[in-house]
Structure formats: C-alpha cells, structure tokens
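Student: Bring the two chains, given one by one in their own frames, into a single complex with the hints.
So the protein lines, in turn, are chains A and B. To convert, note that position 5 of the first sequence is 5 in this note's numbering; the numbers rise steadily by one, no gaps. To convert, note that position 35 of the second sequence is 35 in this note's numbering; the numbers rise steadily by one, no gaps.
What the hints contain is simulated information worked out from the structure, not anything from laboratory work. None of the values given here were measured: they were computed from a predicted structure. Careful: at least some of the hints might be erroneous.
Restraint-style ranges between C-beta atoms, simulated for each label pair [unchecked claim]:
#: 1; chain 1: A; residue 1: Ile12; chain 2: B; residue 2: Gln81; range: 34 to 40 Å
#: 2; chain 1: B; residue 1: Thr51; chain 2: A; residue 2: Gly28; range: 17 to 23 Å
#: 3; chain 1: B; residue 1: Phe109; chain 2: A; residue 2: Lys62; range: 38 to 44 Å
#: 4; chain 1: B; residue 1: Thr28; chain 2: A; residue 2: Glu3; range: 32 to 38 Å
#: 5; chain 1: B; residue 1: Glu16; chain 2: A; residue 2: Pro81; range: 50 to 56 Å
#: 6; chain 1: A; residue 1: Tyr10; chain 2: B; residue 2: Phe109; range: 22 to 28 Å
#: 7; chain 1: A; residue 1: Glu83; chain 2: B; residue 2: Ser14; range: 29 to 35 Å
#: 8; chain 1: B; residue 1: Gly61; chain 2: A; residue 2: Asp56; range: 31 to 37 Å
#: 9; chain 1: A; residue 1: Val55; chain 2: B; residue 2: Lys68; range: 24 to 30 Å
Glycine included, every Cβ here is placed at the ideal spot set by N, Cα and C.
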Amino acid sequence: EAEVAQSPRYKITEKSQAVAFWCDPISGHATLYWYRQILGQGPELLVQFQDESVVDDSQLPKDRFSAERLKGVDSTLKIQPAELGDSAMYLCASSAQGESSYNSPLHFGNGTRLTVT
Amino acid sequence: GDSVTQMEGPVTLSEEAFLTINCTYTATGYPSLFWYVQYPGESLQLLLKATKADDKGSNKGFEATYRKETTSFHLEKGSVQVSDSAVYFCALTPTGGFKTIFGAGTRLFVKA
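Chain B on its own, in the form it takes in the complex (with noise of 0.2 Å):
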C-alpha cells in the first residue's frame, strides 16, 4: 500500500545552520505530496506542496522538490531560525484519492 517514509529525528542544529529533512514515498502513478508543520502546542498547518514530478513547492525559506525517479520530496531550508523549531511531517495523497497518509513525523530544535 502507499506510504510515507521519513528521517527519524530529532534534528538539532544551530542557527543559520542548513536543514534537510529526507521524506521518500511509496505509491502508485503521481500522488500529491505535502509538508505539515506542527509548532508546540499547535495543531498541523500546511508548509508546502507539490502536485507533480519536478514540482518545488516553497514557503517561509523552505523548498521541497518533487522527484519521481527518487521517489522522494526533501525538505530543506538554507539558514534555519530558532522559530524554526517544530515537527515536521511528510504526507501524500495518492492520484485520485482522498485519503492522505502521514510520515511519522521529524522532530527539528535549533539553537541559539
């Protein structure tokens, strides 16, 4: 079945360090592909997405690109802030479905 597949965490870094967090998937055809951030004591929010390969979807410094031949949607940001600190979750919606699945989600602290 579909399934969403990312970097165990957490992540710490320093500020203005860079951020790649990998996010790989397993569907069938082109599935829309999503990042969620979830800030402490915050419910999800969109961060970004991408609906077909080749795809960058952006938002707030963060870029993630659609790759087909990889399978893959990693997310990245070249100069991470401590606002930055959250839980980040990959998710897919397959081609012609509704059902959205969730990577198990990424944990990022950045330090002062």
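One chain only, chain A, in its complex shape (with noise of 0.2 Å):
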C-alpha cells in the first residue's frame, strides 16, 4: 500500500537555528496538509496546499514558519528561528481529490519528532 514519506523521522536542534521537514504525499493526491501534534493532543493543521496552491494557512505562525509545494507533489516545511515551544511532532497526510473530496480520508505519515533545546 502507498505511503506518505516524511523525513527526518527525528530532528534535535537548538533555538534560534533553521530546520526544515520534507515530505512525499502518496502519488496522485492532490491535497497535502501539515499538522503540529505537542504531546497529549490531536493534531492542529498549520497549512493545507491543493495542488501547488495554500488553501488554508490561518494556523501558521507566519513569522517563523514557511511551507512550500512548488511543482505541486513533495512539500517542505521550515521553521526559522525554532523556538522552545516548537517543539512537537510535525505530522504530513495526504488525501485524494474527487468530486466529495471532504469524505476523502487523511493518509498521515511517519512524522518528524521534533526536540528544540
């Protein structure tokens, strides 16, 4: 079966230094989303892309967070500075696209455990 591929799996890293997140939807998924889980809490969307294009990016702190999909398959998502409070597991799904694309389920990866020290 298909799978989202995420990488890191884990990433430590110190305030204020750069990180980054890849990720790799399932082939032929046109809606790719980027959660935040912190521990002890279900997953909070940061930005969602349909395509190459954001359709929603209200939750991410645009000041330090970015994300880009450019040809409209893989994804990157980057935080810099990270800060303390960054810390979380950074989770990417996919979903497919149809004509009720709202019934279609979320394909989650592995995610990248995310430690700021």
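Tutor: This is the structure in structure tokens:
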C-alpha cells in the first residue's frame, strides 16, 4: 500500500536555529496537509495545499514558519528561528481529490519529532 | 467555528469489556465524520468514517453512528482486546470544505 513519506524521523536542534522537514505524499493525491501534534493533544492544521496552492494557512505562525509545494508534489516545511515551544511531532498527510473530496480520509506519514533545546 | 469534543482519557478496560468513547461536534451543515487511531509508536490511521446522517461506519469490530440530532459520533466496540490499546481521535471535515479538525484524543488501555 502506498505511503506518505516524511524525513527526517527525528530532529534535535537548538533554539534560534533553522530546521526543515520534507514530505512526499501518496502519488496522485492533490491535497497535502501539515499538522502539528503536541504530546497529549490532537493534530492541529498548520497549512493545507491543493496542488501547489495554499488553501489554508490561518494557523501557521508566518513570522517563523514557511511551507512550499513548488511542483504540486512533495513539500517542505521550514522553521526559522526555532523556539522551545516548537517541540512537537510534525505530521504530513495527503488525501485524494474527487467530487466529494471532503469525504476523503487523510493518509498520514510517520511524522518528524522535533526537539528544540 | 467548527470543533470536536471527545471524552477525556485515559480509559482503562479489561479484555472483552464493552467500549464507548464519546464524541460530539459543532459544525454547520453536514460534515463528514471520522475516527482515527494511533497505535503506540505509529502515526494516525483511519479507523472508520460516516458521511451522512444515520450512516454507520464500521471496521475491525468498531462501530460509530452519525447522529445529526445529537451531533454525536460515539465509538463503540463490543469486546476489546489488548491490541486495541491506542489513542483514538474523532475528527470532522466540514461540508464542502477541506480542513479536517481533530479532537484531543482519548487514550485506551486494555488489560489482559
């Protein structure tokens, strides 16, 4: 079964440094999501792409976070500078696009666990 | 705005006990409703879904019915196993929208 690929699996960085996460969605999935999951909480949407366009980034802290999906396939999420409060699991997900795309479930990658020291 | 509220955990049960995890939602129109499960050390995966009122989603012995009148989507299983120990997330996607909103999750421990 096709999977969403993410790397790295773990990242430890010092505060004020820059970090980047990569995601490759399931082939053919037009919608790509970046979620942040703080320990003990549910995933919170940071940014959502439809092909290469951002459709929702209302919860993305744009002063330090950026995301791109230049060719509408894989995506990169960057944090610069990292802060202690950014320590969390960063999950990428993708879903198929269809006439009733809101019915389509999300397929999650294994995530990147970020620790900021 | 749209939101999902689920019962706080952890829930601790003995093997073969009956499970209910409550989930209620706030949304306009007719959202799609989902249960996702996160096993220890793994990422989230879809457990079941329902896309319209009175639909029942089912998978692996778990069931949930979309109740529009009570805005609920409670997860049930008649006989839990140790292997069901995980965190369960209720989620919704609004009508015509794309943004999937998750509840805080309910951790389930099943004792042998």
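Student: If you check each hint against the structure, which ones fail?
Tutor: When the structure is compared with the hints, only number 7 turns out to be violated.
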